[in-house]
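Visitor: Respectively, the protein sequence lines represent chains H and P. Residue 1 is where the first sequence starts when you use UniProt numbering, and the numbers rise one by one after that. Residue 1 is where the second sequence starts when you use UniProt numbering, and the numbers rise one by one after that.
Since the hints were derived computationally from the structure, they do not count as laboratory data. On a predicted model such as this, the values are computed, not experimentally measured, just so you know. Any given hint might turn out to be false.
Computed spacing ranges between beta-carbons, pair by pair [what the hints assert, rightly or not]:
(1) Ser67/H to Leu16/P: 43 to 49 Å
(2) Tyr447/H to Gly147/P: 42 to 48 Å
(3) Lys78/H to Glu40/P: 46 to 52 Å
(4) Ala533/H to Leu13/P: 45 to 51 Å
(5) Thr551/H to Thr77/P: 37 to 43 Å
(6) Gly178/P to Ser67/H: 22 to 28 Å
(7) Phe575/H to Leu13/P: 43 to 49 Å
(8) Asn392/H to Val175/P: 33 to 39 Å
Here a beta-carbon is modelled for each residue, glycine too, at the ideal position from N, C-alpha and C.
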Amino acid sequence: MIAELGNVTLVIALVLSILLAIYPLWGAQTNNPTLMSLARPLAIGLFVFTLIAYIALTHSFIVDDFSLSYVAQNSNSKLPIYYKITAVWGGHEGSFLLWVLIFAIWTVAVALFSNGIPEKMLARVLSVLGMVSISFYLFMLITSNPFDSMLPFFPVDGRDLNPLLQDFGMIIHPPMLYMGYVGFSVAFAFAIAALIGGQLDSTWARWSRPWTIAAWAFLTLGLALGSWWAYYELGWGGWWFWDPVENAAFMPWLAGTALMHSLAVTEKRKVFKSWTVLLAIAAFSLSLLGTFLVRSGVLVSVHSFASDPARGLFILGLLVVVIGGSLLLYALRASQLKSVGRYDLFSREMMLMGNNVLLCAATVVVLLGTLFPLVHKEIGLGSISIGAPFFNQMFTLLVVPFVFFLGVGPLTRWKKQKPSALKHQLLLAFFLAFSAGVVVIFSYDEYSQLALLGITMSFWILVATVLEVRQRVASPLKDETTYQTLKKLTPSHWGMVFGHVGFAVCLIGITLVSNYEKEMDVRVKIGQTLQMADYDIKFIGVESIKGPNYTADRGIFDIYKHGILINHLEPEKRFYTVQQMPMTEAGIHTTLTRDLFIAMGEPLKGGDWAIQLYYKPFVVWIWGGAFIMSIGAAFSISDKRYRIKKIAQFTRRTKSKTTSAANLEPSVAKESTL
Amino acid sequence: MSRLTWFLIPLILFLLLTVFLYNGLFSDPSARESSLIENEFPAFSLPDLADEAITHTNDIFDGQMTFVNVWGVWCVTCAIELPYLTELSQKGYRFVGLYYDQDLDPDFGSKTINRVRAEVIETTRRFGNPFAFNIFDVYRDTSLDLGVTGAPETFLVDPAGVIRLHHLGDINERVWTGKFLPVIEAIQREYPVLSQLSTEHQLTGLKQ
Chain H
1 MIAELGNVTL VIALVLSILL AIYPLWGAQT NNPTLMSLAR PLAIGLFVFT LIAYIALTHS
61 FIVDDFSLSY VAQNSNSKLP IYYKITAVWG GHEGSFLLWV LIFAIWTVAV ALFSNGIPEK
121 MLARVLSVLG MVSISFYLFM LITSNPFDSM LPFFPVDGRD LNPLLQDFGM IIHPPMLYMG
181 YVGFSVAFAF AIAALIGGQL DSTWARWSRP WTIAAWAFLT LGLALGSWWA YYELGWGGWW
241 FWDPVENAAF MPWLAGTALM HSLAVTEKRK VFKSWTVLLA IAAFSLSLLG TFLVRSGVLV
301 SVHSFASDPA RGLFILGLLV VVIGGSLLLY ALRASQLKSV GRYDLFSREM MLMGNNVLLC
361 AATVVVLLGT LFPLVHKEIG LGSISIGAPF FNQMFTLLVV PFVFFLGVGP LTRWKKQKPS
421 ALKHQLLLAF FLAFSAGVVV IFSYDEYSQL ALLGITMSFW ILVATVLEVR QRVASPLKDE
481 TTYQTLKKLT PSHWGMVFGH VGFAVCLIGI TLVSNYEKEM DVRVKIGQTL QMADYDIKFI
541 GVESIKGPNY TADRGIFDIY KHGILINHLE PEKRFYTVQQ MPMTEAGIHT TLTRDLFIAM
601 GEPLKGGDWA IQLYYKPFVV WIWGGAFIMS IGAAFSISDK RYRIKKIAQF TRRTKSKTTS
661 AANLEPSVAK ESTL
Chain P
1 MSRLTWFLIP LILFLLLTVF LYNGLFSDPS ARESSLIENE FPAFSLPDLA DEAITHTNDI
61 FDGQMTFVNV WGVWCVTCAI ELPYLTELSQ KGYRFVGLYY DQDLDPDFGS KTINRVRAEV
121 IETTRRFGNP FAFNIFDVYR DTSLDLGVTG APETFLVDPA GVIRLHHLGD INERVWTGKF
181 LPVIEAIQRE YPVLSQLSTE HQLTGLKQ
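Produce the complete structure using the sequences and hints provided.
Guide: Have a look at this one:
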């Protein structure tokens, strides 16, 4: 009964999305305020009905309604309740419902928190979101309805959730990623609305900036959580595998990072206008492409859902309509734009252009690396695979100039920068960074050029960031203490600082763990002690345990440092009985400077075990860095100038015909010093 | 070029991409065209894993339908498919293991043959033993001839010693009914003696 209710509400949501796609846009084109005002209630309705459908599916999981084929395939009566709730997004159909729900959340958020935006623009934005959601609801209802019933014959018990997904990291990483993926739809909708309305000035950039930053923050967190989950759940000890699906999530992140920076230029300097629109389209298109890659089965990956050409064909059609349509609109409208801003060869604009070019190059590298095997096969050259070495090498090449721009960019002025004015600061930064690199490298046993490079780059960013803040503080107005000046820095400025520091922290983690990790694949006897780095790891024994839906061998290890017991680890080798699937549950001891990682391999003769031991220096810094970047994003969003009142003022100013570049110059000038 | 042409470039690139994605949809990524299908199983002469005094050659295929399963104890997926293969072998299907070990190379490896044997016995005791016998691919030459890229892989060989099907990855019920059964039925039509044989086996299997 509840399940049927879910089905009906999905159909209602589809109808609402069709109405949302048509009426407000029509109203905006014909200047009909009644039609335009329909946008908000329709968006709210869309959200409410999708939410009911989602709750209905969750309910079916909780009460073990195995008459639903989706529940039967992804749950089991013995599954703990919290996994029943998260199993809703454990498979293709349910995760798509979550995707659609999150899309509705973003839509309703735009509808509710955009008081300052003119009615016409808002109507167009919501209509564009409506158009995109039509295709999502159609896709779900036609090819992958989670409410498909197996009546009258249904199984007594379900096939259980994939054991890989029975884990805390799994509970949160997909919703976070979806928040990011889907969030780029807002920037996309703003860009398309601006294209439809023909108002490609800097206002749309200002309005979509907080939304883009929010989506980017979620995507950053989602990627970090996904990487963390892979690290401790897959038991391979790695934190990034260049798996096609990881790449599918990484591409929107790269494009989104470029978009975030490009939006800043467009908003403040009114240049890169058509380029920013293209990036907004690209970021969302790459999210959709990711969906296609994951859900159509064209690529092999740990993440792939059951492949079905019908689904793939539908998503491909959706891609052609959404992406193709927007790129066509872009070609027609953006080609008429003329850029007015002027800037010198050495200016912040050029630095940010460097950032954009390199991020786009990185996106293209990932795209090519992911799709090349497919293309290679289709043009009849046989199967090949492109692995981590290719990506690692390309990214090592790209990150060096990227970091250079990252350090110099914030120090330079908009429009024009005298190189001589920065010479001292840059030399100082380079000297400090290089010394830091040398010191860190010599604290390790081996010398490695890549490690020296990585650490130097990280400290280059850190030192340059400190210098930049100092530069702001060094020219205070009269009778102000340093603290007061610091307090006057805007939240979005702190956002930038945190974002860049987070990237440096991440880079330190990546550098040290890639160059100085230690790995052992050994056979251990009970009572034997192994040595790794400064640690003695003693294998106490193995006990058999029984979990709710699995049995496991639990290894018991004591870890000593210089003879003192510091920790006790219990990695498990689980066997999930319903799905007949073995799983490794690694034992990890984390500190700020290193991880010790033990994974049980296979049982051998005489009670011995094959185990894998890893010593991973600074690995948590990778995820810590991502977390710091997200905090930066939160700071940026909290900036007052995105708040309603300010936007309203700004809009009034734009509306009154006095909006000339000269008129805006004071505010631009003020911001550019920040 | 006019301005419009420049701005059309993203669209053109995108459309080009969709062509490949469209084609990609209709080719199974894990399936590769095996050049071996409808060819004779490559000639081999290899020792039995349990007893090196016994030598197996292509004669083993004579008059019987055989599933050659490439596996190893180090392969996780193999352990997963073993119980299902055992079920099938109890129904009368004949499985022969083509065993190869990653660490056991007579010249360079670190393992002894005795340890490998012990591990094989241990694994088959835990997960089931579908194999009539295991051929030991000492130098991995036969695996190379077969174009094996990993384990598990399964070759269906007909009574004339011709490879009829090459499957990469584990065999489960879906693969069995969708991919194997049609080929098995075709072979049984060509060699009517076989269908009788296998039904007999199935009956005895049921009785047990």
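Visitor: Give a verdict on every hint.
Guide: Hints versus structure:
Checking the proposed 43 to 49 Å range against Ser67/H and Leu16/P shows it holds: the Cβ atoms sit about 45 Å from each other. At about 43 Å, the CB distance of Tyr447/H to Gly147/P agrees with the hint of 42 to 48 Å. Judged by the Cβ atoms, the range 46 to 52 Å given for Lys78/H and Glu40/P holds: they are separated by roughly 50 Å. Distance hint check for Ala533/H and Leu13/P: the Cβ-Cβ separation is about 49 Å, which falls inside the suggested range of 45 to 51 Å.
At about 20 Å, the beta-carbon gap between Thr551/H and Thr77/P misses the expected band of 37 to 43 Å. Checked against the hint of 22 to 28 Å, the pair Gly178/P and Ser67/H passes, with Cβ atoms roughly 25 Å apart. At about 48 Å, the beta-carbon gap between Phe575/H and Leu13/P stays in the expected band of 43 to 49 Å. Separation of Asn392/H from Val175/P is about 35 Å and conforms to the stated range, judged on CB atoms against 33 to 39 Å.
Consistency note: the structure conflicts with earlier hint 5 alone.
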